[in-house]
Amino acid sequence: MELATIILLIVLICLCIFSVFMVAVTLTIFSGAPWVPTNKAITRAMCGLGGIKPGDRVVDLGCGDASMLLVAAREYGAVCIGIELNPVLVWLARWRAYRNGVSDMVTIIRGNIFKVDLPDTDVVVLYLLPKAMQKIEQRLRDRYTHVKVLSHDFTLSGGATIKKEQPVGRATARLYEW
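If you want our numbering, it's the position in the sequence shown, counting the first as 1, plus 134.
Mixed in with the good hints, there may be bad ones.
[Said to hold, decoys possible] In silico lysine-lysine, DSSO-like type, Cα no more than 30 Å apart, as pairs: (1) 298 with 249; (2) 249 with 269; (3) 297 with 174; (4) 249 with 265; (5) 174 with 298; (6) 187 with 297; (7) 187 with 298; (8) 269 with 298; (9) 269 with 297; (10) 298 with 265; (11) 265 with 174; (12) 297 with 249; (13) 269 with 187; (14) 187 with 174; (15) 265 with 297; (16) 249 with 187; (17) 174 with 269.
Keep in mind that the hints were calculated from the coordinates and are not lab data.
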């Protein structure tokens, strides 16, 4: 093969990969929130605020790359489930769990957080836009009677009372309980 043909094939493969990624990102944006990575400082603050301890079950709705779950599993001994719609992020989250040695403690499910059966849990983690927070709140209240809800930045709006709040740089971690 000629060099020009090889370069053209490489460009086409890159365009295909980019197209798949963009479709996946677009799906995620319209269903709850775009993916924005959570830094370790806010992740650790949220785990501490929620009092996560070994054996706790933690569910992250819209887990992205599983940053929160990796810290909860590795540093706090939690058993974690992440639910994510974007197939690229599902793959990335599973790979990161494997690379961090916690794939036995972190399960990633590909699904829509508004449609999947929500698993039993002690702690729910949310980093969603306000409209999605409002939409998920009633679903959480219908599903769980005793649960801690950790929110990164955005608040629940349906009369939920903030139990604790902790600023971390420009972000805020919030704890709700019901």
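Status of each hint after checking the structure:
1. 298 with 249: Since the Cα atoms of residue 298 and residue 249 sit roughly 29 Å apart, the hinted pair holds (cutoff 30 Å).
2. 249 with 269: holds, 12 Å
3. 297 with 174: Between residue 297 and residue 174 the Cα gap is close to 22 Å, so the pair holds against 30 Å.
4. 249 with 265: This hinted pair holds, its Cα atoms lying about 16 Å apart.
5. 174 with 298: Holds - the C-alpha atoms of residue 298 and residue 174 are around 19 Å apart, at most 30 Å.
6. 187 with 297: The hint holds at about 18 Å.
7. 187 with 298: Satisfied, since the Cα-Cα distance of roughly 17 Å is no more than 30 Å.
8. 269 with 298: Since the Cα atoms of residue 269 and residue 298 sit roughly 22 Å apart, the hinted pair holds (cutoff 30 Å).
9. 269 with 297: holds, 21 Å
10. 298 with 265: holds, 22 Å
11. 265 with 174: holds, 25 Å
12. 297 with 249: With a Cα-Cα distance of about 28 Å, the restraint between residue 297 and residue 249 holds, given a limit of 30 Å.
13. 269 with 187: Distance ~29 Å between residue 269 and residue 187 Cα, so the pair holds.
14. 187 with 174: holds, 18 Å
15. 265 with 297: holds, 22 Å
16. 249 with 187: Between residue 249 and residue 187 the Cα gap is close to 28 Å, so the pair holds against 30 Å.
17. 174 with 269: OK: residue 174 and residue 269 at ~27 Å, within 30 Å.
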